[in-house]
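Chemist: Letter by letter, the chains look like this.
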Amino acid sequence: MIRKALGFISLGLLVLILLACFFPGFVSPYQPNAIEFSRKFFPPGGPHWMGTDELGRDVLTRLLYGGRVTLGSALGIAVGSTLLASLWAGVSAYNGGAVDELLTRIADLLMIIPGLLFALLLVSIMEPGMSSLVIALIIARWPGYSRILRGQIYSLLSEDYLLAARAIGARSSRIIWHHLLPNARTLILTVFGLSFASGIISISSLSYLGFGVQLPNPEWGAMINAARPFLQIRPYLMVFPGLAIVITILLTNFSLGLLEPEA
Amino acid sequence: MFILRKLLIGLIYLVVISLGAFLMVRQMPGDPALLIANQNRESEAPPELVEQIREEYGFDEPLPEQYWRWLGRVVLKGDLGYSTHTQQPVTSAVLRSLPISLQLAGITFGLTLLISFPLGLLAGVTRNQQLDAFIQGLAWTGYSIPVFLLAVVAIWLFAVEWDLLPAIGRGGIRYMVLPVAVLTIHLSGWNTQIIRSSMREIAGKPYIKVAEAKGLKRARIVLIHILKPALLPIITALLIQLGNLFSGTFIIETVFAWNGVGRLLVDSILARDFPVIQGILLYVGVVFALINLMIDLLYGYLNPAAIETLGKGRSS
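Chain order of the listed sequences is B and P. With the numbering used here applied, the first sequence corresponds to residues 1 to 263, in that order. With the numbering used here applied, the second sequence corresponds to residues 264 to 579, in that order.
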């Protein structure tokens, strides 16, 4: 009961945060990249709720526009990798035999190099920019999710209604789309949530290292990197984006409680 | 037969990695012979030299031929070419940064075991649900907070605010405290979780109930009946976690300005220094191919039935 309530509240807050990031005009009147030297290093409070940075830019506004990049990219990674993993796992488990063997081997091969590193290596041969980062992370992350899903779909396959569907001559694509995937929904949604949280971590980590977002555009990890020279005098420049990352990950995790079966 | 098959798959994997590494550098713009000829030179290299290098490296031959020559140079001579950025040989750059990374990874891994074994064991066998939830919460916090964020907060508090430790760079043991501590906290989170669930899985088996009903001492049940069979799955899972350790080290090295392999890689990618990236890709590929082989062999030893179904994916 408590878990469900917590889940609903968290999901609601997460949606609110996403809305605020995609419609920042309702929350903040400022522009994210508007430089105003006369207003630099305003402490939090007054017209600037979270203060201003070394160039007089409003931190809250940058946080919202940055969230658009961080959370938007994480959503893209979650959608892409979950979709790819579901399809791969569905086809693999459904066909079994040599197809299963081959698909699983290919996925395993992609998993040998650690995910974040693999993504970085892919980024190195792509155009610099956020979309390359998203694509690279999808390629690096889906095999792991596919492995989780495949096992589950495999056990779904032994259900009687699938035998019935096959007996009345349903086509493979129909069985996969209409029977297998809907019944694996809880699991797929869980994987989606996990990949969203891991996407936030990966995107902000790589942006912190200097990949992806182009300056002066904000992104949470890049904001933390930019705040490092001012840790002594203006720690809030690092604290606010840091809290944004931790809070969204926490809310995602609590939202996943909604998917767990009632005790 | 099983081992042979695993070795064969490992070999195929190494070929794929080396092909990827080879093509990565070949897709670089510019004449490769000219690039090499201009290494360590003040002035433009004479055309005869460029031609001679083209001949020597076989750049005018078809790609498959070039790949073989390149592979021969890499495997037999350890020649990975020169950095386009620092003009130094790639092999020496990688070898120079390797001990730094190994030191960070080794110390961290050791400390992680010291922390996560007692915690995971406790959470895995305790009947106190609050204690279990508390340890799981700690573990979750450890692996959910991004490493770079944990590192910046640690620098802010311990180096800037309280001035207890140096923020970045390398030197005595004081320079090691923050990077090692941050990475240990992160990795311990993962490992505690793994050890806990392995212990729980075995603690739920019927024969443990029997052991309890017989009135065996709790310590004996935990150490002999639960821990012993859980040990190999735990070791296997910890090996799989080495990927997280590696991802962690390259972030830590960059944040704390340690000149390890991870930082070398990040700098090279930002500078688009492909020969260095290629060298590190090969090195990482070989290391993880070996780790993967070890995992597969452990699985086979662990559960002979797994040999039949291997390739169906490791599900634990």
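Don't read these hints as lab results, they were simulated from the structure. Note that the Cβ used here is the ideal one computed from N, Cα and C, for glycine as well. Errors might be hidden in some of the hints.
Stated by the list, open to error - Examples of chain B residues toward chain P, derived with CB under 7 Å:
1) Ile106
2) Leu110
3) Leu117
4) Ile125
5) Ser172
6) His178
Chemist: Taking the hints in turn, state whether each one holds.
Modeler: Against the structure, the hints:
1. Hint status for Ile106/B relative to chain P: violated, with the closest Cβ pair at about 10 Å, above 7 Å.
2. For Leu110/B, the interface hint is violated, since its Cβ never comes within 7 Å of a Cβ in chain P; the closest pair sits about 10 Å apart.
3. The restraint placing Leu117/B at the interface with chain P holds, with a minimum CB-CB distance near 6 Å, inside the 7 Å limit.
4. The beta carbon of Ile125/B is positioned within 7 Å of a beta carbon in chain P (closest approach about 6 Å), and the interface hint is therefore held.
5. Taken as an interface hint, Ser172/B does not check out: its beta carbon lies about 20 Å from the nearest beta carbon of chain P, beyond 7 Å.
6. Annotation: His178/B was flagged as interfacial toward chain P, and the flag is violated, the nearest CB pair being 25 Å apart, outside 7 Å.
Hint compliance for this structure: hints 1, 2, 5 and 6 are not met, and every other hint is.
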